[in-house]
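Residue numbers (UniProt numbering), protein chains in the order written: chain W, 1 to 276; chain G, 1 to 1168.
Among the clues, some could well be false.
Computed cross-link-like contacts, DSSO-like style, restricted to lysine-lysine with a CA-CA straight-line distance of at most 30 Å [said to hold, decoys possible]:
#1 W:Lys-149 to G:Lys-912
#2 G:Lys-153 to W:Lys-172
#3 W:Lys-6 to G:Lys-591
#4 W:Lys-148 to G:Lys-728
#5 G:Lys-368 to W:Lys-162
#6 G:Lys-580 to W:Lys-202
#7 W:Lys-152 to G:Lys-690
#8 G:Lys-580 to W:Lys-235
#9 G:Lys-591 to W:Lys-131
#10 W:Lys-172 to G:Lys-611
#11 G:Lys-150 to G:Lys-177
#12 G:Lys-591 to W:Lys-235
#13 W:Lys-79 to G:Lys-591
#14 G:Lys-591 to W:Lys-54
#15 W:Lys-131 to G:Lys-737
#16 W:Lys-149 to G:Lys-658
#17 W:Lys-106 to W:Lys-55
#18 G:Lys-678 to W:Lys-148
#19 W:Lys-172 to G:Lys-690
#20 W:Lys-6 to G:Lys-580
#21 G:Lys-912 to W:Lys-162
#22 W:Lys-172 to W:Lys-202
#23 G:Lys-368 to W:Lys-139
#24 G:Lys-625 to W:Lys-172
#25 W:Lys-172 to G:Lys-678
#26 G:Lys-611 to G:Lys-580
#27 W:Lys-6 to G:Lys-611
#28 G:Lys-678 to W:Lys-152
#29 G:Lys-612 to W:Lys-149
#30 G:Lys-625 to G:Lys-658
#31 G:Lys-135 to W:Lys-52
#32 G:Lys-728 to W:Lys-6
#33 G:Lys-591 to G:Lys-612
#34 W:Lys-152 to G:Lys-737
Here are some of the chain W residues that sit facing chain G, going by a computed Cβ distance under 8 Å [said to hold, decoys possible]:
#35 Gly-15
#36 Arg-16
#37 Val-121
Keep in mind that the hints were calculated from the coordinates and are not lab data.
Where is the CB? At the ideal position from N, CA and C, for every residue including glycine.
Listed below are the residues making up each chain.
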Amino acid sequence: IMADDKDVLRDVWFGRIPACFTLNQDEVTEREAEPYYLLLPRVSYLTLVTDKVKKHFHKAMRAEDAEEMWFEYEGTPLKWHNPIGVLFDLHASNTVLPWSITVHFKNFPERELLHCPSNSVIEAHFMSGIKEADALKHKSQVVNDMQKKDHKQLWMGLQNDKFDQFWAINRKLMEYPTDEGGFRYIPFRIYQTTSDRPFIQKLFRPTSPEGTAHTLGDLLREMYPVALPTDGEPKRYQVVIQGIEPLPETPLQWLSEHLSHPDNFLHICVTPVPSD
Amino acid sequence: MPVSLLWAVDVYGRVYSLSTAGQVWEQCRDAQMEFKRVTAAQQCCWGIACDNNIYLNIHASDLPVRYQEETYENQRWNPVDGFSERLLPSDRWQWSDVTGLQHQPLDNFRLPSISWEWEGDWHADENFEGEPTEKGGWTYSMDFPATYTKDKKWNSCVRRRRWLRYRRYKAMDTWAKIPPQQTMLPDPFSDISCGGWEISDEPSGRLSLWAVSLQGKMWFREGINHHNPEGSLWEEVPLPAEVVQISCGPGDLIWAVLWEGQFIVREGISRDCPKGTSWAVVDSPSPDVAATHVAVGMNVVWALTKDNKVWFRRGVNSHNPCGSGWINMVGEMIMLNVGLNDQVLAISCEDRAVYFRQGVTSSELSGKTWRAISVPRDGDRSHSSASASSLQSAGCYFCGEVRAQSVVSDVESDTDKGSLDGASHLVASISPISPESFVDAPTDHSEEPIDTPKARIPKVTSDSFISELVSDREPGKTTREDGLSGPAVLEEEPIPGEEEVEAPTVVDSADTCSLSSVATYTLAIEDQYGADEHPLWAWVSGGGCSVDSHSQLNWFNSLVQSVQSMSLSVTPAQTAAWRKQIFEQLSERTKREMDNFRHYEQAIEQSVWVKKGTMQWWRDWKPHKWIDVHFALEQFSGPEGNKDGILFIYYNFYEEKKYLHAFINEVTILVPVLNDSKHSFAIYTPERTKQRWPIRLAAATELEMHDWLALLSDSCCNSRGIQGPPSKQAAWSVTCKGDIFVCEPSPSLEAMPYPTPCDQMFWRQVGGHLRVVECNSVGIVWGIGYDHTAWVHTGGYGGGFSQGLASSTDNLYTQVDVKSVYIYENQRWNPVSGYTNRGLPTDRYMWSDASGLHECTKTNMKPPSPQWTWVSEWAIDYSISGGTDREGWQYAADFPGAFVSIVCFLLHRKSKLTSTGPWQEIPPISLIDVTILPCAAQSSVDVVPLWAISNKGDVLCRLGVTTLTPAGFSWLHVGTDQPFKSISVGAASQVWAIAKDGSAFYRGSVSPQSPAGPGAKMYCWYHIPSPGKQKLKQVSVGRTSVYTVDENGNLWYRHGVTPSYPQGSSWEHISNNVRKVSAGPLDQVWIIADKVQGSQSLSCGTVCHRLGVQPVEPKGQSWDYGIGGGWDHITVRGNSMEPPRLPSLTAPAPPSPLPVRNMEVNGNAVGC
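Same shape as in the complex, but just chain W (with noise of 0.2 Å):
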């Protein structure tokens, strides 16, 4: 029995990681603090799911010793401004799991990291991306045209982990004129670990003028073309989109439909193969 694309959407709303909270040596603490296990979602945010973790790690310390609380893995410090998945598969796809993250609450990585004082700051960032990801698709049109209590769903619908709360109003935002074949433009941003850029992001079709379907392969040949394996050569480079890699075929519209986190950009992580 052939799957049912809306499948997709679920198993993408309901992609989860193990993760192990550590707190980091360095804290000062008054007892040992056991480490913390977790399911995340994929599609959330570090800082509005692991309330719990910080509860847990408060009660092993003083309160004057707990600043904003951060995370880092393996030395990086995890932006919690993208999305749990994509950190997970830029930083860390091909570790063992759990996935093991240090917890801090001291040093805040003030270059690297956007602090986030309250759970406001990650619904104006979540918000701006669907906002922009829609001024891509349909020139802003769908999400201007929605009320904000339409808008609050969206938001509810990813804090509270309800997909069909969710999906009952980005099912609009996904929609598109069936004459055109596709959004106008295809929100997407590349991420790579080897350059300082945070990620690449253009304009970009999902067909071509000829009206044939843009596809992931055409996506990277325009946008980052050392991603693509060539001919003969072993391949040097994974391309992550939700934790698997779609074939270069795969249609770019339909990724965009289907694999797209609930801000409504395709976030492709590229990231060298490991060596071993």
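On the provided structure of chain W, position chain G as indicated by the hints.
Just chain G now, kept in the frame of chain W:
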């Protein structure tokens, strides 16, 4: 949208067609000769060939073109011979027509043309007014002419019987010559145009065909209809001046171009006068430039002037066929055609490519931009010798006017070849590959000024003379820089009125020699590009081409590989490697990242989710009315991830806040109730079903209602663990609004003695809009729309309001249905003023519905619900039962009663609903009934018998229906002597049908091997007398049971059906107030009943289940009442699940289906 064809003729006279699903021009190989012009309708294409004869190409269809010839044999009784052919001198002929006035012996009947063949020999009609005569078809009377009875009486002095013979049109998919009319020639035809099929509601086949001759005369082809596709004769149409070209639209628009360069517009066209009555003259768009060409559609007129400018006529409609003003459009064209849906096609004068006007919609009839159709022809690179013979030219008529001089000059101006000798250049250019093709110069070649005797002007090129003759086109002005590529937004320059039209750039009048320029221009191009380059088109016709602005066409870039045709069950995209990879990797991801960590804590805790809104509620207490309420759905995750919920309605009762609630898992159905412009829906629970009083809610907007319905329906399905497509066992039902519902039967639905109560069945909606759904237990589901279109279920689910979430993402298609809305106009005769629309106060409203009780006016009448939009104007309906006069009026003594002094006429207007659903259209035959063999097939390739009745009453059998190909591939036509209206095939392949006259028929000799019976002959039908003089309406055959419903709502069971006597012995009355019956493969019986009394209300159109049906008691005992009212149709023929049996020693053995073999033998014995 079904596949249809665009027709075109290239400059060599070769006819090509391009499929709306295709990407290649396919040459019409059948045409042995070349054609000058073609004009297409959906079912056929007409053409003028180079022999100047008219040819007709009817597309093969599963429904044959068949004509019933009849004649009457008359006899008189005398004491010596009894009844004999010895008639009195004052009597009619021994063989006559029905009136007796026409002498009609059997051998007087001749086939109308060689395109026809006889289907069989003459036979006597055994049926008389729905009853079998069983006496060789004789009917008796006292004398001619009088009324006849089927029984002989003491005073029966004369008798007669009807003989029938069928002839069939055999020349399908081939160009068949229309026999020329002796009185007409030698003036050959130069232009032809067909249309007019929308003038009346008659089944497709009736059309108007207009032709223009070289001398400028006009002809109308009389009598074209489905049974007489060739028409009967040409009638000359009087003209004010000589005509050069004509265009006839699908409706009542007909425009023609005069030689002098003006237009004439036909007026007075109606159903009774498709030829029209008079001409009005419309001037050319610009005073100095003559019009050369016109093309009309349903509501549009496009025209060309001799400077090749394109013009769009503003303000054209049925009331004003002349329109009001011209708008100049971008582009330079030599020919235009308006196809179906007012879509526009054109041939550009620059490159002779066919252009399609993009963006033509009913609100923007002038479209947006021209786009070249760029697909290759089949067999490109291999056509030069074929084209050579086409050089014999109908353009010989003009040869004398061709001047070599201008040939040279034009070639010079158009090509880089420099100064070639005109004649030799012609030779070279016409046939760059095969010079030997220039053979047999026609006798008139001496008239040609060209030296080389072998050179000929290509025929169709010369044909385009006809349109170009009047276009004094400047040879040097072959514009390549301007025209087609202008920005779409800027292209129109509206011109207020005809008088104010500014003259477009005046053509250089110095050059008057123009005729040859067109021909040689074409030739030069041909030379330039070589034979394999762009095809050069001379003519295009979109009259059969069903596209609109939403159609997905692959005509515009030939680089794309030909798209694989979509199969119903598996689309290429679904099988693509990339998709497989994604599914596999996602499942690996789940294993890798989640399966070993399920015991981890979830980062986000689940909680109750509430959605609130405001709505209106039809309050429970009297007086009932809509009141504002707050509505809330609270959802929570049950154990095992099942979601459940409660819905609350908060209202005020005398200042007191109260609420009403319903558990989501108790909701049995959500029914959209769109009427009186409220976006309302009804929520039923078993309790509410018993009361016949649902919770009725109305949302503020359609969108809000759809959001709520989608959410509630998703929530209900979730709470019951129902997802995905309907099962093969599912029961399907349809409401009177055309909404489709499906129910998964519980295993104990047919259990004895305690079946699942009917009111507990959960129904969910499936997208789409249908009048009838039929299914069987292997999952083949067919539907019929209000417009009689046949649809097959694609295996998907959702659609309609539940876009997105609760829908399959594939297998959903757009579905369009069309419904006619009727109102009556009533007028009372008044001694002073005659019939007026000033009635008496006690009369019906001037405009009313069928009952006369509700006032409807043309302006206040709304489409059936907010989902519907009008697609036509009010028009008189002539098909009203009881007959109408020529204006559609019906007469009666008083309302209601026998019509004498009051007249009333029926107006109808079409409305259209567009929805989405898991349905795919099965063109082209319209159906009124369909039935599928209910039992289980052994394998997915087993052919499943499927029978249907076309909207003309023909019995059809679908070939190639299997579980993999539920649509089948073609229709087999099964002969009958009369039109049918209902059909049903039982589990043992026994077929029962109801004729339009209300009589029942049983068909013998049906077996899975030859589903239609031997040779599909008509006399395999065995006439079953109707019960108690009732006219039957519908039949349903289960495993062995046969049930019928008559027009008075009685349900009848066929008694005495046994394997050895399958037609049974008598009818037994079961129930009244029955609208429809469905007997299933377990012999279970379900009906739609009227007048079911609930505790609070009465419901009409209620789903009911027959209880107590057992092998020993097949009629059952009583009714159990389910969902309703407002239901129109149900089918339970998918449910073949034997119910669980109570462990009981006395339980009878499960009955086995009738052995099919037995049936065959017996069928043969009785049926044939």
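Checked hints:
1. Using a Cα cut-off of 30 Å, the hinted pair Lys-149 (chain W) and Lys-912 (chain G) is violated, with the two alpha carbons roughly 34 Å apart.
2. With a C-alpha separation of about 76 Å, the suggested pair Lys-153 (chain G) and Lys-172 (chain W) falls outside the 30 Å cut-off, and the hint is violated.
3. For the hint linking Lys-6 (chain W) to Lys-591 (chain G), the alpha-carbon distance of about 19 Å falls within 30 Å, and the restraint holds.
4. Between Lys-148 (chain W) and Lys-728 (chain G), the direct Cα distance comes to roughly 43 Å. Violation of the 30 Å bound is thereby established for this hinted pair.
5. Simply put, Lys-368 (chain G) and Lys-162 (chain W) have alpha-carbon atoms about 44 Å apart, too far for the 30 Å limit, and the pair is violated.
6. Proposed proximity of Lys-580 (chain G) and Lys-202 (chain W) is supported: the alpha carbons are some 29 Å apart, at most 30 Å.
7. Distance check on the hinted pair: Lys-152 (chain W) and Lys-690 (chain G) sit about 40 Å apart at the alpha-carbon level, beyond 30 Å; violated.
8. In summary, the hint linking Lys-580 (chain G) to Lys-235 (chain W) is supported, as the alpha carbons are separated by about 21 Å, within the 30 Å threshold.
9. Between Lys-591 (chain G) and Lys-131 (chain W) the CA atoms are separated by roughly 34 Å; this puts the pair beyond 30 Å, and the hint is violated.
10. Straight-line distance between C-alpha atoms of Lys-172 (chain W) and Lys-611 (chain G) comes to about 18 Å, which keeps the hinted pair within the 30 Å bound.
11. Distance hint between Lys-150 (chain G) and Lys-177 (chain G) is unfulfilled; the C-alpha atoms sit about 45 Å from each other, more than 30 Å.
12. A threshold of 30 Å between alpha carbons decides the hint, and for Lys-591 (chain G) with Lys-235 (chain W) the separation of about 25 Å falls inside it, so the pair holds.
13. About 27 Å separates the Cα atoms of Lys-79 (chain W) and Lys-591 (chain G), which keeps this hinted pair within 30 Å; it holds.
14. A C-alpha spacing of about 29 Å is found between Lys-591 (chain G) and Lys-54 (chain W), which places the hinted pair at or below 30 Å, so the restraint holds.
15. With a CA separation close to 40 Å, the supplied pair Lys-131 (chain W) and Lys-737 (chain G) exceeds the 30 Å bound.
16. A hinted pair counts as satisfied when its Cα atoms are at most 30 Å apart, and Lys-149 (chain W) with Lys-658 (chain G) qualifies at roughly 26 Å.
17. Under the criterion of a C-alpha separation no larger than 30 Å, the hint pairing Lys-106 (chain W) with Lys-55 (chain W) is consistent with the structure, at around 16 Å.
18. Between Lys-678 (chain G) and Lys-148 (chain W), the direct Cα distance comes to roughly 26 Å. Compliance with the 30 Å bound is thereby established for this hinted pair.
19. For the suggested pair Lys-172 (chain W) and Lys-690 (chain G), the alpha carbons sit about 39 Å apart, so the restraint of at most 30 Å is broken.
20. Taking the CA atoms of Lys-6 (chain W) and Lys-580 (chain G), the gap is near 14 Å; set against the 30 Å cutoff, the hint holds.
21. For the hint pairing Lys-912 (chain G) with Lys-162 (chain W), the CA-to-CA distance comes to about 38 Å; that exceeds 30 Å, so the pair is violated.
22. Distance check on the hinted pair: Lys-172 (chain W) and Lys-202 (chain W) sit about 23 Å apart at the alpha-carbon level, within 30 Å; holds.
23. For the given pair, Lys-368 (chain G) sits about 21 Å from Lys-139 (chain W) by alpha-carbon distance, which is consistent with the 30 Å threshold.
24. Of the supplied pair hints, the one linking Lys-625 (chain G) and Lys-172 (chain W) is violated, its CA atoms being roughly 34 Å apart against a limit of 30 Å.
25. Among the hinted pairs, Lys-172 (chain W) with Lys-678 (chain G) is consistent with the structure: their alpha-carbon atoms are about 24 Å apart, no more than 30 Å.
26. Of the supplied pair hints, the one linking Lys-611 (chain G) and Lys-580 (chain G) is violated, its CA atoms being roughly 37 Å apart against a limit of 30 Å.
27. Restraint check: the Cα-Cα separation between Lys-6 (chain W) and Lys-611 (chain G) comes to about 23 Å, which is no more than 30 Å; the hinted pair holds.
28. Restraint check for Lys-678 (chain G) and Lys-152 (chain W): satisfied, since their Cα atoms lie roughly 28 Å apart, inside the 30 Å limit.
29. The hinted pair formed by Lys-612 (chain G) and Lys-149 (chain W) meets the criterion: a straight-line CA distance of about 11 Å does not exceed 30 Å.
30. At roughly 17 Å between alpha-carbon atoms, Lys-625 (chain G) and Lys-658 (chain G) fall within 30 Å of each other, so this suggested pair holds.
31. Proposed proximity of Lys-135 (chain G) and Lys-52 (chain W) is contradicted: the alpha carbons are some 94 Å apart, above 30 Å.
32. Taking the CA atoms of Lys-728 (chain G) and Lys-6 (chain W), the gap is about 22 Å. The hint holds against a cut of 30 Å.
33. With a C-alpha separation of about 38 Å, the suggested pairing of Lys-591 (chain G) with Lys-612 (chain G) is violated against the 30 Å cut-off.
34. Distance hint between Lys-152 (chain W) and Lys-737 (chain G) is unfulfilled; the C-alpha atoms sit about 36 Å from each other, more than 30 Å.
35. With 8 Å as the threshold, the beta carbon of Gly-15 (chain W) comes within range of chain G, its nearest partner Cβ sitting at about 7 Å, so the hint holds.
36. Checking Arg-16 (chain W) against chain G: minimum C-beta separation of about 5 Å stays under 8 Å; hint holds.
37. Because the closest C-beta pair between Val-121 (chain W) and chain G is about 18 Å apart, greater than 8 Å, the hint is violated.
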